[in-house]
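**Q** These are the residues of each chain, in order.
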Amino acid sequence: MTRTLLLAVACTLAACGGRPEHLQPEDDLAGLGAALVDQDSAAFVFPDDLAGRPAYVTAVYTNCPDVCPMTMAQTRKVREALGPDAGRVQFVALSFDPARDTPSALRRYAASWELGPGWRLGTGDSTTVAGLMGRLGIRVEESRRDTFADGRVYYALSHTDKALLLDAEGRVVETYGGSAAPPEMVAEDVRALL
Amino acid sequence: MRSLALFSLLALTLSACGGEDAAEPDSVVDTTTGDDDAVVSANFFGLDNAYARAAPAGGTSAVYLDLVNDTADDVTLLAASTDAAGLVEIHQTATDEGGLSAMTPVEGGLDVAAGETVSLEPGGLHIMLLDLQRGLAEGDTVTLELQFEGRDALTVQVPVRGLDG
Chain E
27 MTRTLLLAVA
37 CTLAACGGRP
47 EHLQPEDDLA
57 GLGAALVDQD
67 SAAFVFPDDL
77 AGRPAYVTAV
87 YTNCPDVCPM
97 TMAQTRKVRE
107 ALGPDAGRVQ
117 FVALSFDPAR
127 DTPSALRRYA
137 ASWELGPGWR
147 LGTGDSTTVA
157 GLMGRLGIRV
167 EESRRDTFAD
177 GRVYYALSHT
187 DKALLLDAEG
197 RVVETYGGSA
207 APPEMVAEDV
217 RALL
Chain X
2 MRSLALFSLL
12 ALTLSACGGE
22 DAAEPDSVVD
32 TTTGDDDAVV
42 SANFFGLDNA
52 YARAAPAGGT
62 SAVYLDLVND
72 TADDVTLLAA
82 STDAAGLVEI
92 HQTATDEGGL
102 SAMTPVEGGL
112 DVAAGETVSL
122 EPGGLHIMLL
132 DLQRGLAEGD
142 TVTLELQFEG
152 RDALTVQVPV
162 RGLDG
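Heads up: the sequence lines are chains E and X, in that order. Numbering (the working numbering) for the first sequence: 27 to 220. Numbering (the working numbering) for the second sequence: 2 to 166.
Be aware that a few hints might be false.
As the list claims (entries may be wrong) - With a Cα cut of at most 20 Å, we get these calculated EDC-like pairs of lysine to aspartate or glutamate:
hint: 1; chain 1: E; residue 1: Lys103; chain 2: E; residue 2: Glu214
hint: 2; chain 1: E; residue 1: Lys103; chain 2: X; residue 2: Asp165
hint: 3; chain 1: E; residue 1: Lys103; chain 2: X; residue 2: Glu122
hint: 4; chain 1: E; residue 1: Lys103; chain 2: E; residue 2: Glu140
hint: 5; chain 1: E; residue 1: Lys103; chain 2: E; residue 2: Glu210
Source of the hints: derived by calculation from the structure; they are not laboratory data.
In isolation and in its complexed conformation, chain E is listed as follows (with noise of 0.2 Å):
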């Protein structure tokens, strides 16, 4: 008895690729190609440059004063949980407001983040970057306009409020809400892909 319990439990494995059930790919982004560039204005193509290592991926604009520091805050927390292993998964935050995040201002939202290495934040040209955030499943719409008295205008983003796991082909194997995914829980998801 107990031996066919253990050939089912391996053959169960082994159709899923050794990994549970419910990190099986859901949609493989293969043939995206996203031309991005990151922080420090390096270019890099989304998601294929990613291919190696898991990627556990966020969207976020960096003039979002309430859910995107909660979704930042959720992923490095996500990296803490890892311990040793966050070195052999990248973290990748999108920008969906290429108008204001330029590679610049990525680079200062990491500073005051203090992101270290294996944070990867991309940005790029408003048509690759609509195009990335709809493949993706992420709304994104202007909510309000403002125009300050001295001529500056401000906007601000509704948006859906999305994280993505990646294995290392570059495949959506599971997605979290961005701002309240459990870090404990993700970072477990994470160890089945290592």
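Mind docking chain X on chain E? Use the hints.
**A** Okay, now just chain X, sitting in the frame of chain E:
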């Protein structure tokens, strides 16, 4: 801790109202009991757990706090102001079934029913500071004035926390 925060707030409130010439306060704070939960009498209205999030000059930030209403009357927070921001609004963040998070201004003021506490916290209600006139760093304070319907305004010193609160 809460008694200290509330006591500080009361002191600030009295100061803001002009000291001895101020109207009779709605609360009595007895710090001699040593019991945090017992030091604030009934008929108190004030704030607790206030903090602002760090942000760069020209950017946006948010203030979070608890509005504590131990009085017998409903209270409505109408507006807030600070010289640290060009524009201050009371906002509500809500996430719909599709996962879209949106901030909307709270129209008509924020009601705090008699005997209730309304918490402004990340991902929900907050006082949004737009067009920051200076950078807010951890350890700074923001002087915030809250205006209420039919009550004296409260002026509080809000500490600034790091980005992750």
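**Q** Indicate, hint by hint, whether the structure satisfies it.
**A** Okay, the hints, checked on the actual structure:
1. E:Lys103 x E:Glu214: 13 Å, holds
2. E:Lys103 x X:Asp165: With a Cα-Cα distance of about 10 Å, the restraint between Lys103 (chain E) and Asp165 (chain X) holds, given a limit of 20 Å.
3. E:Lys103 x X:Glu122: Distance of about 19 Å is within 20 Å: holds.
4. E:Lys103 x E:Glu140: 13 Å, holds
5. E:Lys103 x E:Glu210: 8 Å, holds
In this structure, none of the earlier numbered hints is contradicted; all agree with it.
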